[in-house]
Structures are given as C-alpha cells and as structure tokens.
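Asks: So you can see what is in the structure, the chains are spelled out below.
Number of protein chains: 4
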Amino acid sequence: MPINAPAATMKALRKMRPARGAQLESVPVPSPGPSAVLVRVRAASICGTALPIYDWDPWSAARLRPPLTCGPACCGHGAAGGSAVSSVAPGDFVSAEMHLNCGVCRPCRMGQPHVCQRLKIIGIDLDGCFAEFVLIPETNVWKVDPSIPEHYAAILDPLGNAVHTVLSGPIAGHTVLITGAGPIGLMAIAVSRACGASTIFVTEVNPHRRALASRMGADLPLDPADPGVLAQVLEATGGAGADVLLEMSGNPFAIRQGFSMLRPGGRASLLGIPSQPVELNLVDSIIFKGATVLGIYGRRMYETWVQMTELLKARRLPLEPLFHERFPLEDFEQAFALLHAGQAGKVLFYPGGVPR
Amino acid sequence: MPINAPAATMKALRKMRPARGAQLESVPVPSPGPSAVLVRVRAASICGTALPIYDWDPWSAARLRPPLTCGPACCGHGAAGGSAVSSVAPGDFVSAEMHLNCGVCRPCRMGQPHVCQRLKIIGIDLDGCFAEFVLIPETNVWKVDPSIPEHYAAILDPLGNAVHTVLSGPIAGHTVLITGAGPIGLMAIAVSRACGASTIFVTEVNPHRRALASRMGADLPLDPADPGVLAQVLEATGGAGADVLLEMSGNPFAIRQGFSMLRPGGRASLLGIPSQPVELNLVDSIIFKGATVLGIYGRRMYETWVQMTELLKARRLPLEPLFHERFPLEDFEQAFALLHAGQAGKVLFYPGGVPR
Amino acid sequence: MPINAPAATMKALRKMRPARGAQLESVPVPSPGPSAVLVRVRAASICGTALPIYDWDPWSAARLRPPLTCGPACCGHGAAGGSAVSSVAPGDFVSAEMHLNCGVCRPCRMGQPHVCQRLKIIGIDLDGCFAEFVLIPETNVWKVDPSIPEHYAAILDPLGNAVHTVLSGPIAGHTVLITGAGPIGLMAIAVSRACGASTIFVTEVNPHRRALASRMGADLPLDPADPGVLAQVLEATGGAGADVLLEMSGNPFAIRQGFSMLRPGGRASLLGIPSQPVELNLVDSIIFKGATVLGIYGRRMYETWVQMTELLKARRLPLEPLFHERFPLEDFEQAFALLHAGQAGKVLFYPGGVPR
Amino acid sequence: MPINAPAATMKALRKMRPARGAQLESVPVPSPGPSAVLVRVRAASICGTALPIYDWDPWSAARLRPPLTCGPACCGHGAAGGSAVSSVAPGDFVSAEMHLNCGVCRPCRMGQPHVCQRLKIIGIDLDGCFAEFVLIPETNVWKVDPSIPEHYAAILDPLGNAVHTVLSGPIAGHTVLITGAGPIGLMAIAVSRACGASTIFVTEVNPHRRALASRMGADLPLDPADPGVLAQVLEATGGAGADVLLEMSGNPFAIRQGFSMLRPGGRASLLGIPSQPVELNLVDSIIFKGATVLGIYGRRMYETWVQMTELLKARRLPLEPLFHERFPLEDFEQAFALLHAGQAGKVLFYPGGVPR
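In the order they appear, the protein sequences are chains A, B, C and D. For reference, each letter of the first sequence is one residue, going 1 to 356 in the working numbering. For reference, each letter of the second sequence is one residue, going 1 to 356 in the working numbering. For reference, each letter of the third sequence is one residue, going 1 to 356 in the working numbering. For reference, each letter of the fourth sequence is one residue, going 1 to 356 in the working numbering.
Be aware that a few hints might be false.
Examples of chain C residues toward chain A, derived with CB under 7 Å [unchecked claim]: (1) Pro58; (2) Ala62; (3) Val104; (4) Arg106; (5) Pro107; (6) Gln112; (7) Val115; (8) Pro264; (9) Glu279; (10) Val283; (11) Ile286; (12) Lys289; (13) Thr292; (14) Tyr297.
Worth flagging that the hints you see were computed from the coordinates, not collected in a lab. Note that CB positions come from ideal geometry on N, CA and C, so glycine has one too.
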C-alpha cells in the first residue's frame, strides 16, 4: 500500500486530563509504521466504554493515560499504509477490530487472541477513532462488504460483542433469556432470532427499552421486578427454564434471577460487567444444574467478524430501531448528554460531516 | 396409562410377500406390552425408504421379513398403553421416533443411540404405521405441541433427518451448499435459513425441484451439469468455497462436485445414500482441506426432536410448498404411482379418512 | 432374567429417624419389579453424602424421608431380576449408576440425563446399598469388567465424579490446578495424569492430604495459606496461570484463589459444594478472562462409565493409596468415627463379610 | 532483535534441477526482513515429504521450483533478526512451524490457519533447513523449552502431525486403531498412550515396524493381511469396533479395513496421503455409522505446539525407539539411501557437525 499523507493535521476528540470530559483538539495526522493502515474515519460509534471514560470513572482512572484520543468503534476508508501492507488498498471500505493481541502469549497460541494476556485496545490504550483519521494494524483492519450500510459498519465492534455472546454456544431451536436490553442486549435479540432461537425472553427494568425489545423481536419482554417472572418463564418452557441465558446487564440481581431461570444443563454467556463482586449460589445456579457458563470478552478474532458479515450481507439482522441521532464531532457534548439521559440507542459521530 | 382396547381389527397396508407391491389387509389391532403405547394413526407420510420397499429393491429383499405392515412416519393420538406407561395419556397428540435402540451397546452408552448396534426400525423390522393403529415403545413416543399442524406432525421423522443434518455442525453465519433438492434437501433449505445460514447454494438436476428450492429460500439454485457451477460458488464466496456441504443426493457425481466446492476447513454432512461405493480423491476433498465429514443417520435421540419442535412452535419453518396430495389408505396404488413419477413432495396417508 | 428370591430377610444400615446416627436392622429382601435387578452387595463405599446423612445436616433434613437404607455406591452380583430384564444375568459382576433419571424431561431429551429435572438417587430418595441386597433398575446396572478388582468396583460412583470433572473439557497437554485433595480430588490427580495433563498443581490445607496428593502424582502440592501460591503457579506456567481448574473443595477461599490462578481462556470445572453462596469477582474471574465454567454433577450417563472402565481395564489409574480400612456392616460406628477424624481415604463396607 | 550477520556464506543441500537427487552448495546466508528471524540450524529431520522431493515424484515436479534448499523440520538457535522482531532473542533455542499462512483468507479468519488458502511451506515453496541457516518469520518461530532435548526439538514438525491427529477428537478412555506404523504412526502410539487411550491396535504390513509399534506401546500389533484382523478387533472391543481410527498409511486397503473396524459413532482422523482416489463404501463406512471423519493437515497453529511442548516437558512421550542415525549434511546420499531401504526411523542432519 503506497504511503500517501492525506493531510497534516486533523480534528480529534481527546481526553487531555485525568478528569471528567473531553475536548476537541487539532493534532497531527499520525503516520503509519510498516504494518499499519491509516483509516479516514467515516462514522464512529459511542459504545459501552465511551461514557465511563468521558465521565472518568474509577476503572478509567486506573487504566487510561491521557492525553488520548477517544473512540472505540468506527468505519472508514483506507487512506495510507506502511510498506509491508498488502491486503488493504487506498479507498477500501473498512472497519477494525480494536483489540490488539500480542500473538505469542499462551491464549494467543491457543487460538484465543481475544483474551490475549497483553491485550491493548485502540481508544483506551492507544489513540482511538473519534478523529478524522485513526491508525490500525493491518491484521486488525476488516474489509467491509460494500452491501453493508455505513451506519451498520460503524457499530461492528459492539455488534460483534452481541454475535460473540449469542454464538458462543448452540442457539438454534433453543429458548433464550436475555437479561438487560441495552444496545448490546437489543442486538442480541436480533442475532438470536436470525440464528434460530425459538422463544426469546428479555428482562429489563426500563419500559422504553422493553418496548424496543419487542420491536427487535423479543417474544416476552419482562419486568424483573415483577414477582411472577420466574413462573412465566417456567410455564413457557414446560417447567424447565430457558436453554440459554445471555447476561447483558452486569446487575447482580439480574444475574441471580437469570441463573434461577436457566434450565439444568443450560448455557449462560456473561457479557455484562458488574461493578462489584457478585454473591452467587454456585450450587443451585451452576453445579447441580450442570450449567455451562462462558465469560465473553470482545469478539472472536476473527470468527465473529465472519459470522457478523455473513448475517449482515444476507440481511438477516434488522437493527434500524437501534440507531439514534448522528452528530459531527463538534457536538460531542450534546451526544454525551443524550447518552446520559439513558434512552439512546447507538449514537454516531461523523468526523467528516453528517450525511443528509 | 389404562389398557383400553379400541377395536378388534384394523386396516393395514402390508407387504405380504417378498416381491413388488403391497396390499390392504384386515389384521388384529395389536395389544401393547407393559411399556408400549398403541397409537391411533391420524396421518402417515411416505418417506425415502417406503418406495424401495414397495418396489422390493435388493436392500429391501436383504432386510425385510414379510408379512409386515409398512409405514415409516406418522402422527396420531394415544389410544391405549401398557401398565408401566406413565408419560403418555389416552388422547395425547403424538408422533414417534421410529428407530428403536437397545440402550446398552457402546454407542448407546456413549450418548449415540441413533447409531445403536442393535437398532430396529418400525416399518422395516417391526410393523409400521400405514395402518389404523401402530405400537410404539413409550420411550419413543414424542408428544407433539398442539400448535403444530397435523400434516407437519406427520413428517417429523424425515424433517428430523434434515434438522439433524443441518445442525450437526455450526450453521449460523455460514454459507451452505445443499447437493440434491429432494424432500429432505428442500427441508434442509428451510432449516438452514431459519438457523442463520447466509448464502444457500443448491445443486439439483431436476428444474422443477430447482424451482421448488427457490421457493423454499435457496439463493442460488444450480444445475450440476452446468460447467460454470464451481466458478459461481467460488465467486460468491470470495474464492473460498462453501463453509458447509449438506449432501442429500447420494449421487457420486454430486458428492465429488460438492466436495470440490467445500472450503478448506469446512464441514460436510452426508445424508444421501449412494447405491455403490464412491471413488473419492481423499487428499483434495478431505485431508489437505482439513475438512470435517459427518455421517448422518436418523435423528439425534432426542436433541433433534427438541430442536425441531422449537423451530416449528416458533413458526420458523415454512414448509407448505413441500406438501402434496393426501390419500386414504385404500388409494395406495395411486399414491405410489405419484411418487414414481418423481415430482411429488410429501405424500400423506390418512388411515381414518382424509380431512376436507 | 429369572426371578429367584435369594433370601427372606437381610441386614441393612438404616436411618430410622430424622436425627443423627443410623442403626443396623433386619428387613425383608426387596422384590424386583419387571425392569429391576436385585444385586447382592459385595462391597459398598462411604462417599461424600454418607457422612452428612449420618450426621443429619440441614440438607439431609430437608431432603430425606426416613426410614431409609443408606448407601450411595457399591459393587456386587446379580441375584434376581424382573421379567423384562434381558441384559443382566444372575451372577454377573455389577456396579450401578445410583442416579435415576426420568427419560422425558428437557435435560433427559437433550442428552443430559445426569441433570434430569426429576432425578432420584438410590441411598437418598430410595433404599441404598449399605445392605446385603439393593434394587437397581436394569438401565442403571453397569456390568463391571472382570479385570477390575472388587475394591475399585465399589467406588466407581465417586471415581466417576472425578472422571466426569477431569474429562468435561480438554486435558491432554494442559496444566491443571486441583483445589482440594479429598478423595475425589485425589482421584482427579490420577485421572488427569492418565489423560495427558502436564504439570498438576494441587492446593490443600491438610499436610497429610498434600502428601497423599504427591503420591497420587501431583507435581506441586501447595498450601493455600502460603502467600506465594499464586506466584508459584504463575512462574511454573510462564505467567499465564493453569489451563484447567478442577474445584474439589467447595471452599469459598479456594474457589476465589483457584480462579485467580486460571489462565485467560481457561476451563474451570466445579464439583465441590459450597455450603453458602459465594462472593465472586465475575469480571476478573470469568468475564474478562473468557473462561469456560462448568458445573459438574454426578456422572455422564453413561459416557463417564465407559471412559472409567477403559482407563481401569488398561491399568492407567493407580488408586491404591486412596483405600483405607474395610469393615463389616456391624462396625459402622467405627467406620463413621474414622471418617469424622478426617484422615480416611475410601472406607468400604462388606455386608457379606470382609475378605481376608 | 538486533541484526547481526553471522557469516557470509553457508552450506545448503539444494535441489538445483527438476530431477532426482540434490547437491551440497555454498550459498549466501540469507538476510532477514523486518519481521523474520535467521536461525542457525542445529539439527534437521528428514520427514515424509523429503524423500519424494529427493526422488522428484510427480507431486514434487508439479509443485517445486528449483533451485531450492530442501529441509522441512529443524531446531536451532536465533542468530539474527529483523527490526520488528521482539519475541525472539539471539541465542534462543527454537524450532519452527514451517507452514506459513496469509492471515486474511477465510480459513485464517475462521481460526484455521493450518488450511490457509495461500499456504506456503518452508522447504517446498521457500528455502528450507537442510542448511547452516534458515529464515523463519517471527510468528512461526517456536521457542523450545530448554528441558526438551535437541533431537526431539528437531522433529517437532512431524511429531506435531501425530499430536494434531490424535488430539483432533476425544482420546481419553477410548480404544484406538492406528493403520500404518511409519514414523508418524509410531509417534501416534506414544501420544495416544500419554493421553489416556485404552487398548491401542496397530495394523502394519512390515514385521519390523510391528515390533517397533509394540516397543512404542501398542497393545495389539496386527498384520493387515491376516484374515482374522477384524474379528480380533471386534472381540477386543465387545463387538463394537475401535472408538477412534487414526489413518497413517495412505493405503486404500488399509483405509477401507480401518473403517470396517471403526465402531458406529466413532471418529476417524485421516493423515496418510493416498496417491490415487480411493473407492469407499460411504454408507457402511461413514453414513450409517454416524462417523466423524477429520482431514488432518499440518499442525493446529499453535494449539498443537502448546500441547506437544507440555507433553514433552512432562516427559510423557518416550520416543527414543524412533530415532535412527545422525549425519553431517555432507553424507546426505547415505542418509537418503537409508530411508529408501525403508527401515529407518527419524534420520537427522547436523549441518554444524554431529554431536558425539
């Protein structure tokens, strides 16, 4: 890929200090090393980690080293590349796996690069994509099929979380309980339906999100505070409980309630991130149940990307209800305010201008 | 379950001699032993084995011991049961797994009763269901969800072949090539779609069946005699070949062509039954490809039945284009003539009379 | 199998009241129903559940309905059988899977009878084997290879727990951490070694049991109270942690410590039964680690029995250090006193007299 | 890794013409690119492909482009490296995965780099290791644990074939039939034993190799020409057949005989390379048996290397009977003559001189 410096400086939304907030800066366009690709960002999405980083929660304070350009997920076009780059050409429509693995640790060598012991994350440990350009190692560039719309391509990273969670075990012909209908939980409904899940139960405290869950294809959106929830799930499953639990809330109550509704021999895939240790009755929840419990992190590199691409190309994932407002980078305060209000689906930034 | 003799004699379509044909006989209604259920047959389907048995091909001549009532698949209602029967009640709407396993051989003990070393098959080794009543061991009775229509319930046995084949490996987000669009191949299209397959290729010599394949949801129905078939599949899969091969034809040419279109690392599930040994380039087809090849026989007992039930309950399997004419048992010659003509989908017998 | 009443009455160690203790009684020899086998008990073993039942802990009080003959595991010989029994003959050397499954619930139909929703256990819900005779359903009788010694045949049920735990995931070429070196933990060492585990770490508070762990083949027996334990395991695994965690203690501290030593992408199989809910950092222990956590209950029916038999026939499981004293049924108080002292391995009862 | 040119020229055994034979040449020491490591070869092994290349069989003629340095497997020490190399240091004891994958094709992206669509092989498509130095991409360098002896480290590539084959499915507590006791078949015996296989059957025409098979741990070495072979295997497996078939011969008769001895529901892993298409009764061998057939190629990258390392570190693989004579590179004609005689185990070259 020929080196082709596209510009000298660019706009970037950056965390300049270890404190709440962020600011729009003008910074030099980075220059790709031999194996890196410079991507001109078309659309970037605000995901689960973006808000705590903006708010500077304890996890962010412990992990991040400002100054740093934020931004965990995007799509764009190849702009320039290092001398060793051979699989990406200028102008290619691309997205990127933002988790960078080392390649030689035990998990990497065992085919589990998504839990690399030396994982680095673009947007957390390296400059991210809330900017006009972002650097991506060639291995992590994902060429997007041209049939996939831009706004879908901008959310492949979080959609990949959902696909990884749903497809971490059998799903076809299985009943599914999804605890938590945030954006990834909602995506998981669509993925589950597309992959042959039968009855889809969802528990969610927020009535607005329960309504969204229905629109996404949930059969039985439930209020976890309703004391009849367990009885409803048991009745609808012939007394057995759900075959599959997809935990998307990180909430201790939801986790315990979810396990209580999992059938003996069932599978629980845990993606939601509790902020505290969780007290769990291991005997009833897991041991005597003979349950399979899977921790889910990131995306399988790159099985998840293949599966996701195929499902999108075949138009099996109708995600339109998920999308929310689109902003230029300049309006970032408005975008984060919207997210704080807690009602938003996927909010997108367009560093080069919002398409009309 | 109380013993409750429903009648003294019944009509049955029976193979009386080791020769072509069959005849309608009046025979005593069988009496269930302690662990058996007598089922009043509502609808029975003519499957793959029924025609060769009628025609008395070499396989039938070697295996069957007339006189024998034919009939490999049906639905009906519990009519009477032995003293030890506890899970089925009179009037229950039921179908049945017609393969009977011994429970103690090595495959049975290893969780693979579908390949029991002492397998017996109702309709082949024991009296079948082309009759007003059929005896089924309690373990093999499958209670059908009342939301499932009768004509679907009558074909669960062959539908189970399709579900077993499709779900014998990963399918979601995978491209699929189905070689042969007979009834089970056509069902496999619907099952693949319902379970998240992306592009579905089908090869089939018969143009009428290719059209049916399209109606069932195939993306690319192909004529295997067309010299451009391989190129088309490679182009549509970015040069890789199909992720999954579902072999439904039993035809040596189709098998070899199917393997040539399977991608390295792919999965081939073989259900079609070649009548002769097949010459295969094992190196290119399997070894250097690192392929996974699975022999498929019967249905997983009873994972397949659970999966199939869930898919049907959730209305994910639109199989209407498959169904063909319905006959009383008396018109069996007409039914078999229809099948000989080679255009029929699933033909059903209604021993108690065809519903209007 | 011909019915052949072997005697009128027999000795049995029975729980007569909902209180601590048990007493030796003379009771009628039970008569097998059509599908049951009467087994003349040769040797019976005192397993994990026998002591709490003797002591009448809260779990026992909630579950058992005295009067009841105790006894969770044994070997013996076929003595008589019901009319429908065909796979067992008088005199056959047998053991038994003591968990009885219903066959028709969802887990049973999904190939997971070990977590049947209506599971009944001989020795807990039905009369057990601390007696001269015990009734076993034919399906649950396991014919023991004559090359397997009696004292091994008497402990197949708990050995099956160990085999099920070890073989619930990949083990060959994997490093293993076993938390807790009680009898099943010790067996798991032998099974892990036989099945290709590389370095075997064991944590155990009791120095006597740590010494036994070494004799069974542990490479690194560790005191969990030693603050350097984590560092030792990390150093011996190149900083990664153990590939596999086999939790055999039920102790919350051991569970948390065990997860801290599990490598990202590793597998944890949980058999030990905590008496309380356990507080667990799900994020670090499971989610970000992408761990696979498996609840283990009973034995796979009957894959575990096949695997165990093969390993024993091939003399790959040297378990001699595990065996302890042998008693006639009459000396039960002495046997239970020995177990209370906490040093015993497997203690066996010989209802027909201890062999010299 | 600092670039550190170790010498100007080196000895290399090279294929100079498209014809039988090879010759010792003096060639420039290659210079590593940014991501490559120059390895000083300590010991190199002659594997399956080396002989046909020397003899220039039709496959070699179609694939190789002389001049080319031969040599498919070795160990050595890091000598120099490109600017981007970070995980290997000069002097590190290393071996190498000689199959180079592209990283972006569908199999690579699906976690199956061993069947990469653009696979290149060192020693076949690129200069190999029958030389004083060989170039290896950093990703493909495998650091060898110092506890592993040099002669073992020199055969990791073919040993990896054996480990990959054995561990491509369950093996613990399984009976195994290995067809063909060439070097990889013999290694597979040791690996099977180490990983918990129970009875190990081996068929092999050569009595010398059958004797070697016994020394490696085979329980029942069989002459495939003996008409009683099938009966012996059936008798030793209770009539079922072997649980696992490891095909190591590439011989059509052995393949068919192997499948005839595989139990229903068993697994067949095919590594041997037939020189012609093979006629196979798919119905009896695979379909009605519900068999799982796996094509085996190369080594899992890099799960196989991890498993192999762990087994060797734990001293579970006693392979001494396999090793044969050691030669300096100059005596290559003697070495190939030995192999042509068909009795040799693993023959090693020591380009820097044979250790005494």
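Asks: Can Lys289/C be said to touch chain A, with a Cβ gap under 7 Å?
Replies: holds (5 Å)
Asks: Under the criterion of a CB-CB separation shorter than 7 Å, is Thr292/C in contact with chain A as hinted?
Replies: At 6 Å from the nearest chain A Cβ, Thr292/C passes the 7 Å test, so the hint holds.
Asks: Could you check if Ala62/C really has its C-beta closer than 7 Å to a C-beta on chain A?
Replies: violated (13 Å)
Asks: Does the CB of Val104/C sit less than 7 Å away from some CB of chain A?
Replies: violated (11 Å)
Asks: Going by Cβ atoms only, is Gln112/C closer than 7 Å to chain A?
Replies: holds (4 Å)
Asks: Have a go at the Val283/C hint: is there a Cβ in chain A nearer than 7 Å to its own Cβ?
Replies: holds (6 Å)
Asks: For the restraint on Ile286/C, tell me whether the closest CB of chain A is nearer than 7 Å.
Replies: At 4 Å from the nearest chain A Cβ, Ile286/C passes the 7 Å test, so the hint holds.
Asks: Classify the hint on Arg106/C as holds or violated, based on whether any CB of chain A lies nearer than 7 Å to its CB.
Replies: Holds: closest Cβ of chain A sits about 4 Å from Arg106/C, inside 7 Å.
Asks: Minimum Cβ distance from Pro264/C to chain A below 7 Å?
Replies: For Pro264/C, the interface hint holds, since the closest Cβ of chain A sits about 4 Å away, which is under 7 Å.
Asks: Mind checking the CB of Val115/C against every CB in chain A and telling me if the closest is under 7 Å?
Replies: Interface hint status for Val115/C: holds (4 Å vs cutoff 7 Å).
Asks: Holds or violated: Tyr297/C as interface residue toward chain A, Cβ cutoff 7 Å?
Replies: holds (5 Å)
Asks: Once the shortest beta carbon distance from Pro107/C to chain A is found, is it less than 7 Å?
Replies: holds (4 Å)
In this structure, the hints that do not hold are numbers 1, 2, 3, in rising order.
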